[in-house]
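Chemist: Residue strings, one per chain:
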Amino acid sequence: MAAPRSGGASRADNGYGSQQPARRRKGPGALATAYLVIYNVVMTAGWLVIAVGLVRSYLTKGSYHSLYYAIEKPLKFFQTGALLEILHCAFGIVPSSVVLTAFQVMSRVFLTWAVTHSVKEVQNEDSVLLFVVAWTITEIIRYSFYTFSLLNHLPYLIKWARYTLFIVLYPMGVSGELLTIYAALPFVRQAGLYSISLPNKYNFSFDYYTFLILVMISYIPIFPQLYFHMLHQRRKILSHNEEHKKSE
Amino acid sequence: FVLYQVEILDWKTKQQLCFLDKVNDNIVEMAGDSIYCLADPHWYPARQSIRLDPKGKSLRDEEILQHLPVGTTATLYFKDLGPQIGWTMVFLTEYAGPLFIYFLFYFRMPFVYGLNDKLTSSPHPVVNLACICHSFHYIKRLIETIFVHRFSHGTMPLRNIIKNCFYYWGFAAWLAYYINHPLYTPPSYGQNQINFAVIMFLICEAGNFSIHITLSDLRRHGSKIRKIPYPTKNPFTWLFFFVSCPNYTYEVGAWISFTIMTQCVPVGLFTLLCFIQMTVWAKDKHYTYVREFKDYPSIRMAIIPFLL
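As you go down the protein sequences, you meet chains A and B in turn. Each residue of the first sequence is one higher than the last, beginning at 10 in our numbering. Each residue of the second sequence is one higher than the last, beginning at 61 in our numbering.
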């Protein structure tokens with residue numbers, strides 16, 4: 010079918026060129042980068058404080074039970090501080106999706122305040138330690154990863170840690186979270202916590218107990234998706250690094 | 061006259077899907093979505109996206125080869141947009157759902173409020189009024205979809221309609237549940253509150269309808285030329301002096317009035333979400349107008365006069 014091509018423009022791109030839409034994503038400027046470095050350093054330090062607090066408390070008490078009280082305040086402060094990350098995405102200084110970041114941060118904040126803080130009876134549970142440890146290690150690595158990335162000097166160890174330790178830490182954290190919510194259920198039912206029933210003049214009802222059960226169920230579709238996404242990322246990023254090293 | 065050769069490649073794999081030799085520009089007014097060389101009827105035109113650049117915008121139906129920046133050998137890229145559904149079907153499904161779902165709760169089907177309250181009716185007149193208003197709203201929308209609206213794009217991806225139906229039908233069920241509940245509490249300010257709400261509701265519904273008629277008249281006889289909408293002799297259309305999308309303004313107004321009428325938090329929440337969604341649509345439309353027309357009235361805002 011190879012008909013002779015007549016003279017004139019017959020380029021594969023039709024002379025149109027690959028006209029991409031004007032790139033609107035700016036990326037952080039110098040000021041934003043400085044701010045982000047400070048933010049990430051502060052967060053790394055904060056979670057290190059929590060880590061140290063846990064270790065000291067363990068050594069003092071001699072057991073790993075009820076360590077929550079030792080780090081309650083810095084945990085609340087630094088985990089809540091992560092809400093700023095939603096704004097970072099909204100203002101475009103960080104290239105992540107606002108919705109995804111909001112979802113992740115809100116779920117952490119929810120567990121910190123609406124479950125662990127609100128239901129005092131679960132604060133003694135070992136499941137709390139389980140997710141606090143998982144969060145602490147994850148966040149220290151994550152924030153130092155961002156810090157080094159922003160300074161364009163990322164040690165391979167940190168990159169490796171970020172994309173490998175999650176394999177254990179993520180299920181660990183999820184287990185801790187689920188067990189804590191489960192432990193909180195009877196106390197929520199008993200106290201009617203955060204619940205409102207009919208009749209009332211706002212014609213609204215909300216059952217926190219049922220809500221918590223729905224939250225637990227939502228882990229079933231969400232967790233595997235995120236986990237496999239991270240595994241996929243790992244394969245992509247760590248093998249890419251291997252190729253780079255080989256070609257040097 | 062010129063004879064063209066056209067090859068069509070898959071946008072991702074760049075594999076050649078079809079090659080047309082000796083294409084006469086008059087005979088094949090292609091581009092857009094009329095390429096029938098993809099003989100499989102699976103690829104109906106609405107789901108075909110033909111573009112000059114693999115990641116570029118789709119070519120419109122009306123474009124012809126001669127006016128495109130192609131040489132005598134044109135390379136076009138094909139992307140499958142997935143199963144499509146026509147806008148009319150979309151709207152009919154999205155609106156018929158809430159209409160009938162509300163009735164399930166209004167008539168208190170046995171599975172909704174338990175067997176003790178099955179098929180009973182509420183002692184509060186406002187509950188009957190709310191049902192009339194809610195139904196009126198959706199029946200009006202169905203009528204408009206069939207007789208009034210003129211759609212510029214033919215279709216929408218099928219996946220969206222599942223998502224949309226969950227949202228609209230789900231919310232309808234949620235708010236209907238509370239309004240028709242045996243333990244429903246009528247508004248705090250009594251008949252005054254209800255009367256005010258009804259009047260506001262009627263004004264907004266009339267306003268919304270007037271705007272839809274006005275917009276429809278802009279595109280009489282299938283004309284595809286876009287024009288600036290202007291206020292007419294109908295006072296409801298005078299909102300056009302102040303906003304680009306008064307239909308959305310009136311729509312939000314109707315839902316606010318329904319919230320006041322029922323004094324029900326789920327209705328309020330739905331109103332809030334509607335407001336957010338419509339503001340996004342209105343802003344989009346507004347900026348499209350501003351970009352397209354140099355003489356666009358500068359006093360107009362998108363959805364709320366002087367504010368938003």
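By construction, these hints were calculated from the structure, which means they are not laboratory data. Among these hints, one or two may not hold up.
Claimed, not checked - Chain B stretches covered by chain A per the calculated footprint, using a threshold of three residues with CB under 8 Å from any CB of chain A:
| no. | stretch |
| --- | --- |
| 1 | 233 to 244 |
| 2 | 317 to 330 |
As the list claims (entries may be wrong) - FRET-style restraints, in silico, Cβ to Cβ:
| no. | chain 1 | residue 1 | chain 2 | residue 2 | range |
| --- | --- | --- | --- | --- | --- |
| 3 | B | ASN255 | A | VAL51 | 37 to 45 Å |
| 4 | B | TYR347 | A | GLY101 | 47 to 55 Å |
| 5 | A | PRO233 | B | PHE207 | 45 to 53 Å |
| 6 | A | VAL51 | B | PRO170 | 31 to 39 Å |
| 7 | A | PHE232 | B | PHE160 | 47 to 55 Å |
| 8 | A | PHE220 | B | THR292 | 48 to 56 Å |
| 9 | B | VAL340 | A | TRP122 | 24 to 32 Å |
| 10 | A | LYS82 | B | PHE226 | 38 to 46 Å |
| 11 | B | PRO365 | A | ARG243 | 49 to 57 Å |
Unchecked claim - Here are the computed lysine-lysine pairs in the DSS-like style, where the Cα-Cα straight-line distance is at most 25 Å:
| no. | chain 1 | residue 1 | chain 2 | residue 2 |
| --- | --- | --- | --- | --- |
| 12 | B | LYS139 | B | LYS178 |
| 13 | A | LYS245 | B | LYS223 |
| 14 | B | LYS72 | A | LYS245 |
| 15 | A | LYS210 | B | LYS345 |
| 16 | B | LYS343 | B | LYS223 |
| 17 | B | LYS287 | B | LYS345 |
| 18 | A | LYS245 | B | LYS354 |
Remember, predicted model here, so these are calculated numbers, not experimental data. Glycine is no exception: its CB is placed at the ideal position from the N, C-alpha and C atoms.
Chemist: For the pair VAL340/B and TRP122/A, does the Cβ-Cβ distance stay inside 24 to 32 Å?
Modeler: Holds, since VAL340/B and TRP122/A (Cβ atoms, about 30 Å apart) stay within the stated range.
Chemist: Against the 25 Å threshold, does the CA-CA distance of LYS72/B and LYS245/A hold or violate the hint?
Modeler: holds (20 Å)
Chemist: Range hint 47 to 55 Å: satisfied by the CB atoms of PHE232/A and PHE160/B?
Modeler: Check failed, 36 Å falls outside 47 to 55 Å.
Chemist: Quick check on a hinted range of 37 to 45 Å for ASN255/B and VAL51/A, using CB atoms only.
Modeler: Given range 37 to 45 Å: violated, Cβ gap about 57 Å.
Chemist: In terms of beta carbon proximity below 8 Å, does the stretch 233 to 244 of chain B have 3 or more residues touching chain A?
Modeler: holds (count 5)
Chemist: Given the hint that LYS343/B pairs with LYS223/B, does the C-alpha gap stay at or below 25 Å?
Modeler: holds (23 Å)
Chemist: Decide if the proposed pair is consistent with the structure: LYS139/B and LYS178/B, CA atoms, cutoff 25 Å inclusive.
Modeler: violated (52 Å)
Chemist: Compare the distance between the alpha carbons of LYS245/A and LYS354/B with 25 Å, and conclude whether the hinted pair is satisfied.
Modeler: The hint is violated at about 49 Å.
Chemist: Can the suggested window of 48 to 56 Å be confirmed for the beta-carbon pair PHE220/A and THR292/B?
Modeler: holds (49 Å)
Chemist: LYS287/B and LYS345/B were given as a pair; does the straight-line alpha-carbon distance stay at or below 25 Å?
Modeler: Status holds; Cα separation ~13 Å.
Chemist: A range of 38 to 46 Å was offered for this pair. Does it hold for the Cβ distance of LYS82/A and PHE226/B?
Modeler: The hinted range 38 to 46 Å holds for LYS82/A and PHE226/B, with Cβ atoms some 41 Å apart.
Chemist: Range hint 47 to 55 Å: satisfied by the CB atoms of TYR347/B and GLY101/A?
Modeler: Given range 47 to 55 Å: violated, Cβ gap about 19 Å.
Of the numbered hints stated above, those contradicted by the structure are hints 3, 4, 6, 7, 12, 13, 15, 18, listed in ascending order.
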